[in-house]
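A.B. asks: Could you put together the complete structure from these sequences and hints?
Below are the chains, spelled out letter by letter.
There are 2 protein chains.
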Amino acid sequence: MEDENTKKEQRHKKKMEKQKEKIDANIAAASEERGVSILLTGDGKGKTSSAFGMVLRALGYGYRVGVVQFIKGEQLSGEELYLKNNLPEVDFYQMGTGFTWDTQDQSGDIAAAEKTWAVVEPMLRDERYHLVVMDELTYMLSFKYLDEDKVLAAIKNRPKNQSVVVTGRGGGSAIRDLVDTVSEVKDIKHAYHSGVMARKGVDY
Amino acid sequence: MEDENTKKEQRHKKKMEKQKEKIDANIAAASEERGVSILLTGDGKGKTSSAFGMVLRALGYGYRVGVVQFIKGEQLSGEELYLKNNLPEVDFYQMGTGFTWDTQDQSGDIAAAEKTWAVVEPMLRDERYHLVVMDELTYMLSFKYLDEDKVLAAIKNRPKNQSVVVTGRGGGSAIRDLVDTVSEVKDIKHAYHSGVMARKGVDY
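One line per chain: the protein sequences are A and B, in this order.
Numbering (my numbering) for the first sequence: 11 to 214.
Numbering (my numbering) for the second sequence: 11 to 214.
Please note that a few of the clues may not be correct.
Just so you know, same-sequence chains aren't split out, so a pair can sit in one copy or run between any two.
Claimed, not checked - Straight-line C-alpha distance at most 30 Å; calculated DSSO-like pairs for lysine-lysine:
(1) Lys125 - Lys170
(2) Lys24 - Lys125
(3) Lys199 - Lys18
(4) Lys94 - Lys210
(5) Lys166 - Lys24
(6) Lys210 - Lys199
(7) Lys199 - Lys17
Derived by calculation from the structure, the hints in this document are not laboratory data.
C.D. replies: Encoded structure:
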């Protein structure tokens, strides 16, 4: 029995060593140091909250952060309340009531999108920003509310050490091709399918 | 030309109305109000940062939050620094140096896992916690460092209004079956595959 345990422990040790080697090799192969561009997409839960987690991460090192939200309802969600009330050092802008999922006014939406773009565009030229979040930007591309070439060029030509995070479903293939990292959040199952209401402090 | 634009605008309006109807119907169908359990899994970027985004969300409403991390290296990451330095109101515990990806010591790891479980288990019985995050708990199940039945029962029997978030790859099918929401983060592409180093303030 003791032999059996020793063997098991050795097998485990080998497995862990192999896993560690693989991870180390991947990390060692990466050598370029610069800001990264990340697209968080897909139909699952956790795109916006993930972006806000990265905001926290950047703030942990005292970095300067900008957060611009393209589609938002009239009510502030928990993370927005927190940002407004507790993190005045974050430059935070919301398209606000100019655009919501309730809207059916295309020209008004385009004006609101352009106004919001005018806030984030200067951040993408300002190297003091370590991280710029463009929450739900993809919809502006899908609906053609913003010119795709203009948006992609601004992301591409941003300061070398600046990272950007874009969230939202869809957005077309051009932005996927441009960014360094694409994470797709897939909804495997969701509470509301079994009749549970969206939860304050978790879902909004 | 003006006619063309009007038609286009009408088509758009119809499309948006349909989308809104669908979303509204889904929300209306959900009627049960209680805490939710969420598993953030998959190989992609954004599981832990998403959990931390939900922490921010809950804090925005002044809710009480517990965060327990099962696998962590010796260096604090950005969001951990932020939590330690700026959010003393969050009950935060790390398994710490007892377990890292560098470990090849199974019995030491099991002891560390049990010690960490002893911190989070009382939170899962305490209704004052609105949100409990168990970061990278899945690995404790995959490696059989914690008893699966014990862990799942604690999650299942938690206070009605408490939400829990579990992160990590794998973890087996039982936890997937138990929780209300499963989001799988898929790595479509990742910066380090094109030679870009992990980025401080974004990746850690």
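A.B. asks: Now tell me, hint by hint, if it's right for this structure.
C.D. replies: Quick rundown of the hints versus the structure:
1. Lys125 - Lys170: Cα proximity of Lys125 and Lys170: one copy only (26 Å, versus 43 Å across).
2. Lys24 - Lys125: between (57 Å within a copy, 25 Å between copies)
3. Lys199 - Lys18: Intra 36 Å, inter 35 Å, cutoff 30 Å: neither.
4. Lys94 - Lys210: Both. Shortest intra-copy (17 Å) and inter-copy (24 Å) distances satisfy the 30 Å Cα cut-off.
5. Lys166 - Lys24: neither (43 Å within a copy, 35 Å between copies)
6. Lys210 - Lys199: within (19 Å within a copy, 32 Å between copies)
7. Lys199 - Lys17: So Lys199 and Lys17 fail the 30 Å test inside a copy (39 Å) and across (38 Å) alike.
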